[in-house]
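J.: Construct the entire structure; sequences and hints are all you get.
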Amino acid sequence: MKTLPFLLIAIRFILAPVILLLAYFLGEDSQFLILGLMYFGLLTDIFDGIIARKAGVSSEKLRRLDSQTDLIFWLSLGFAAYFLHPEIIKKEWKGIALLFIMEGLCYIISWLKFGKETCTHAWLSKLWGLSLLLALTYLIGMQKTGWTFTLTIILGFVAHLDVILIILILPKWQYDVPSAYHAWKIRKGKEREKSIFFN
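Yeah, the sequence shown ends on 329 if you go by the numbering used here, and it's all consecutive.
These are calculated hints, taken from the structure and not from any lab test.
All figures in this text were calculated on a predicted structure; none of them were measured in a lab.
Wrong hints could be hidden among the right ones.
Each computed SDA-like pair below joins lysine to any residue, with the alpha-carbon atoms no more than 20 Å apart [as the list claims (entries may be wrong)]:
id : residue 1 : residue 2
1  : Lys274    : Phe209
2  : Lys256    : Phe230
3  : Lys256    : Leu151
T.: Have a look at this one:
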C-alpha cells in the first residue's frame with residue numbers, strides 16, 4: 131500500500147508520452163482512446179492522494195511529485211488536442227495564452243519567494259481540473275469548445291490567482307493549502323501549518 135501512490139503517479143507520468151504519440155501518429159482515430167486514458171489518469175490522480183493519506187505516506191516529496199506529474203499529464207492532453215484539432219486551438223489562442231501566462235506566474239513568484247515550485251493543491255485548482263476535463267472531453271471527442279471552454283478559462287484564471295495569493299500570503303513554503311483564506315489563517319497563526327483539510 132505504501133508504494134501504490136508512487137506507482138499511480140508513475141502510471142500518470144507514462145500516460146503523457148503515450149497520449150502524445152497516439153495523437154501525433156494516429157490522429158482522430160485515437161481520440162476516444164485518448165479520452166479513455168484521460169479519465170483513467172484522473173482516477174490515478176484521485177486515488178494516489180487518498181491511498182497516501184490512508185497509508186500514512188503523504189509527504190512533501192510525494193505531493194511535489196504528484197503536482198509536477200499533473201502538470202506534465204495535462205500539458206500532454208493540451209498538445210494532443212492541438213495535434214487532433216489545430217484549427218480549434220488556434221481559434222482559442224488568447225484564452226490558452228492567458229492560462230499559460232498565469233501558470234508561469236505561479237511558478238515564477240513561488241521560485242522568487244521560496245526557491246521552490248508551487249504545490250498548493252488548492253480547492254479552486256481542483257475545481258478547475260474538473261472543468262478542464264469537461265472542456266477537453268468536448269474538444270477532443272466532439273470538436274467543440276463553447277461554454278465548456280469559456281468556463282475552464284474563467285475558472286483557470288481564478289484558480290491561478292488564488293494560488294498566487296496563497297504564495298504571497300504564506301510566511302514560508304508549504305504544500306497542501308486549500309485557499310488564500312487558509313494561507314491567511316496560517317500566517318496569523320490561527321491554523322496548523324499542515325492543513326487539517328488534507329489529513
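J.: Hint by hint, note whether the structure agrees.
T.: So, going through the hints one by one against the coordinates:
Taken as a hint, the Lys274 and Phe209 pair is honoured in the structure, with Cα atoms around 16 Å apart against an allowance of 20 Å. Distance restraint check for Lys256 and Phe230: the Cα-Cα separation of roughly 17 Å lies within the 20 Å cut-off, and the hinted pair is therefore satisfied. For the hint linking Lys256 to Leu151, the alpha-carbon distance of about 27 Å lies beyond 20 Å, and the restraint is violated.
Violated hint for the displayed structure: number 3, the only one.
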